[in-house]
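Enquirer: From first to last, the protein sequence lines are chains A, B and C.
My numbering numbers the first residue of the first sequence as 832 and each following residue consecutively.
My numbering numbers the first residue of the second sequence as 24 and each following residue consecutively.
My numbering numbers the first residue of the third sequence as 3 and each following residue consecutively.
To be clear, the hints were calculated from the coordinates, so they are not data collected in a lab.
Note that the structure is predicted; figures quoted are calculated from it, not measured.
Worth double-checking, as some hints may not be accurate.
As the list claims (entries may be wrong) - In silico contact screen, one side only, chain B against chain C (beta carbon under 10 Å); selected entries: (1) Pro104; (2) Glu268; (3) Val280; (4) Phe629.
Even for Gly, the Cβ is constructed at its ideal location relative to N, Cα and C.
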Amino acid sequence: MAVASACSGKQSALDPHGGPAIHVEHLIIGIVAVCTVIWIVVIVVLGLALLRSRRAGAEDANSEGRLTTVVFAAVAASVVIIAGLTIASFYTTRNIGVPGSAALTITVRGQQWWWQVFYAGSDASRGFQTANEIHIPVGTDVQVRLEGVDVIHSFWVPSLAGKQDVVPGRSNSLLLRAEKPGAYRGQCAEFCGLQHSHMAVLVIAEAPADFERWAASQRGDALTPADPDAAAGQVAFLAKPCSACHTVRGTAAKGTTGPDLTHIGGRQTIAAGLLETTRGSLAAWIADPQTLKPGNNMPMVPLTSVELQNISAYMESLK
Amino acid sequence: MTSRNAGALRDTAFDAAEIDRRLAAIWSTTPGVWGALATVDHKVIGRRYITTAFVFLALGGLLSLLMRLQLAQPEARFIGPDRYNQLFTMHGTNMMFLFAVPVMQAMAVYLVPLMVGTRNIAFPRLNAFSYWMYLAGGLLLWIAFVLDTGPDVGWFAYVPLSGPQYAAGKRADIWAQMITFTEVSALAVAVEIVVTVFKHRAPGMSLDRIPLFVWSMLVTSFVVILAMPAIMVASTALILDRLVETHFFNPAEGGDVLLWQHLFWFFGHPEVYIIFLPAVGMVSTIVATFTRRPVFGYLAMVMALIATGILAFGLWVHHMFVAGLPRLGESFFTASSMAIAVPAGLQIFCWLATIWAGRPIFTTPFLFAIGFIVTFVIGGLTGVMVASVPFDTQVHDTYFVVAHFHYVLVGGAVFPLLGALYYWFPKLTGRLMSETRGRWVFGLIFVGFNLTFFPMHILGLQGMPRRIYTYQPEMPWSGLNMFISLSAVILAGGFLLFFIDVIRSARTGAVASSNPWEASTLEWATSSPPPPYNFARLPVVGGLDPLSDRRDVLPVAAGLRVDRRELLVSSIVEATPEAREASSGDSIWPLLAAIATTATLIWSIFTPWAVVWGSIPIAIALIGWFWPKGVPEDES
Amino acid sequence: MTERVFSIAKSVLAVAVLLSLASAGGVLGYLRQPRELRFEPPVAADLDWFRLMSNGIGGTPPESYFALGKPYEADAYNLSQGKRLYAWFGCGTCHGDGRGGVGPSFLDGWWLYGPEMVSIVASIRDGRPHGMPAFRDRLTIEQIWQLAGYVQTIGSYSPKVAAPSRNDDKQTRPAENRGPAIILFDEGPVGVHPDQGPSP
């Protein structure tokens, strides 16, 4: 287990950057340490037993009684250890906190195979929708309400918190909190069909001011493309089946089946964490989604190469 | 025993050779295909069961190699998601329902009647029926898989993914109906074992003289009887939801998707103990034989078995810690999941004490028992870890859990099983397995297993979820995955050598005496392999270790008839003889009943009317099966 | 000894039976259409090239459709995808749960343009008089075939084995795999459909 803590990525229970995940990591380290010691003791006793009895003269008249005492003591010790671990576990549960007291509430809908994210509006500002990328202010408790619409998914950003299932017909919620800015990757953890493997979510924690700036820009409608390629792309986008499934706020595209693309160019990844957002990856994705993510619900729309370039340029311009 | 039926031929009237001849005449299976299909000999059926289960083990292993091939590299294009989902679903379903549970019951079908000193299992025709049902369920699943209709919803088949809306076609129905097949057969065997152990023990084998393996199978059988109905209810409800639009799992019409999880895990968690408890019995037997002393703390072991069997039903919610259940309930299940470590620990301590006090002989079965302790303790300790709710929220549905349950199920059940096969092989086939190859098998499997599965703990903590057909190159998982895939080759090599050893030993292995290990339980009191009637005269048991107590002469009971199949019925507690009972002869009706049931169950995936029309051939088969034979059933 | 020979013969027999079953399965599996998640673009494009009779009713699907094994009528996956499209593209706003509304019903045995796949595909792709819009710019041709297969299944009088089952929603009518057109069939008085445009 010592190896485990040495190498960690941005999606790891051993690389925590948020309150709940940090508490759990302490628990993990504690339990693993205790268990490692227990295992070593058992193996040493086993080794001694094997070696001892290989030497002649293992038979011992009153060994039976002594063994009984030792076994009894071992059972008593395991009861004590088990009780200790149970209490440690309860203590951690209490520390993680109960969702409900959060400053910011975000609704996340797990869909086959992407995450739909809603930020509620208030009197002063309207709410907005995004996909696969959640921004949160650093050092703030954020409540994530999890809504199931098709099958069960599980929302899991290991560096910030443990996972919570997204169950149709039930409302679950989860407390997220990031202690320092950064991008924390998460991934669906409950098997949800063909593209369970490619259903990532990115949580971006940033300073409260940056968060507010981001939220303000997200509230706005899509930018009107300045570049002629992108402008032509917008025309193609609206004329082709794209707009039947996707919304680009401020245009005629009002489809609700697929992710909202109003600010797709500003997101770090596309297709639920499949590719980094670049014009090239957008083109690759639009040209052949069924090769990159077989079975997902985006069809391969026949486009000419010019249309493809223009639409990719348009998507990239939607910052 | 009083002789009321004066005309009947009793074994008291003949010498040993004549008894053997007459018993062989009435107990033997008729040669030929017909005889093979009609046999009710628990040894023939047990061998078949074991062989079939190991065939499924090999097939399931091949699936896992395909998965490892795919996962060796990030974004590999070797297997697409549709096929991969079928692969891991098949692997899990196959290993749990077609290998692990049946093989443990199969060992019991073969060994329990021998170990309790009777001539056949209770309800021998039901036993034949259960095998055919099991075979049919296995074929259904595998043929469907070959036809690209294999289930792709995971071995746990969570709704709604497996429900009517999201699982197109008949894939999920095949999974659900396969459950019915294997559970019918498992329940049948469980009932047979319970009755055999309670009512057919040799005279003198009171409850405190029952071998630990038999105890473990008895407890297992009770767990089967209590747990399996839950999954049959669940899978039937799923088929109903899919076929005739019931709404068990539809929240919009008042159903609940978590109902499925409760029902599934109410079966699914005891399932682990259904697989593990027989292994406890096997390890106890092997350790006792090869340390040349009885297992330390017989009573404690039995109590631990029973406690585990009971606690097994109080843990199921720890599979649902992230489903959003109330906190207080979760805390209860944390405590109970932790608590089951105590009886498991007690068993480990007792084995350690046995080894400490004994003189171990390092044979292959004993090596497997040691390998079991080393790996199972890891599996048990990671079990303690996932019992903690906060810990579980980070590792649930990750490779950590994959590692955990492979340590429990492979380390905790397959290692003992392989040891048990090396140990009982002489009794199964009359030949010994190769000790040299056996050591290699153990070495390769033990090393390969740990190299394959230990790194998965780390992968899980690093955030790698289960059931993904690929992962992206930027994730830090590719190195370990490649390492795991390479290690899997070592593990597969070990199993390949094992299968080679089994086949070669069965044909050319050294011929075994009746008791090659100088073991002390009753199955070693008869020849290897045993004659069709098991014991020429039923043994009388005077202690916990009938063969080691009085190794020279084993007292036997006399008075059973030699002109018809007859068993001794004894009392539950003291095993004092109560009656002689006729045991059924060979019959083709169990096979016909199984065929009729199979047709009905498969047909009923397609139309509910199958249940109505299919019941007619089933009824005919059952009438044939139970047609009165005109024999007085039992005599006191 | 005879028992040994016998048991070997038995296991040989068993292996032979298993092998023949497995190979029979393999052959069948080879013949059977696998779940196809992606057609090559030319194959998909070919689905657009079917011939329709001049009155817009009936016609011939493209050759490639038969070569593919009629995937949009017989394949459960395509039918269930069609069902999702039916919901996603708002077909229900006019056609309800299949029993009609503003638009015609699919369950009453009346197919204004015939029950052939090509007619249904043409209706969806190109639209029809009296309010049926064209979806050629909303859906790809593969999706149109999926949706058409599903629509045909709703009104089928012999329920297909591959037909979808109920959704996890409020239930309004029997699911497609039970043959709602048969269950709900009501002949009604003659001339009950005068408002559904020209009769075929």
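Enquirer: All hints, please: hold or fail.
Expert: Going down the list of hints, with the structure as the test:
With a cut of 10 Å, the hint placing Pro104/B at the interface with chain C holds, because the nearest CB-to-CB distance is about 8 Å. At a threshold of 10 Å, the smallest CB-CB gap from Glu268/B to chain C is about 5 Å, leaving the interface hint in force. For the restraint placing Val280/B at the interface with chain C, the shortest Cβ-Cβ distance is roughly 8 Å, inside the 10 Å limit, so the hint holds. Against a cut-off of 10 Å between C-beta atoms, the interface hint on Phe629/B holds, since the closest Cβ of chain C lies about 6 Å away.
Checked against the numbered hints above, the structure breaks none of them.
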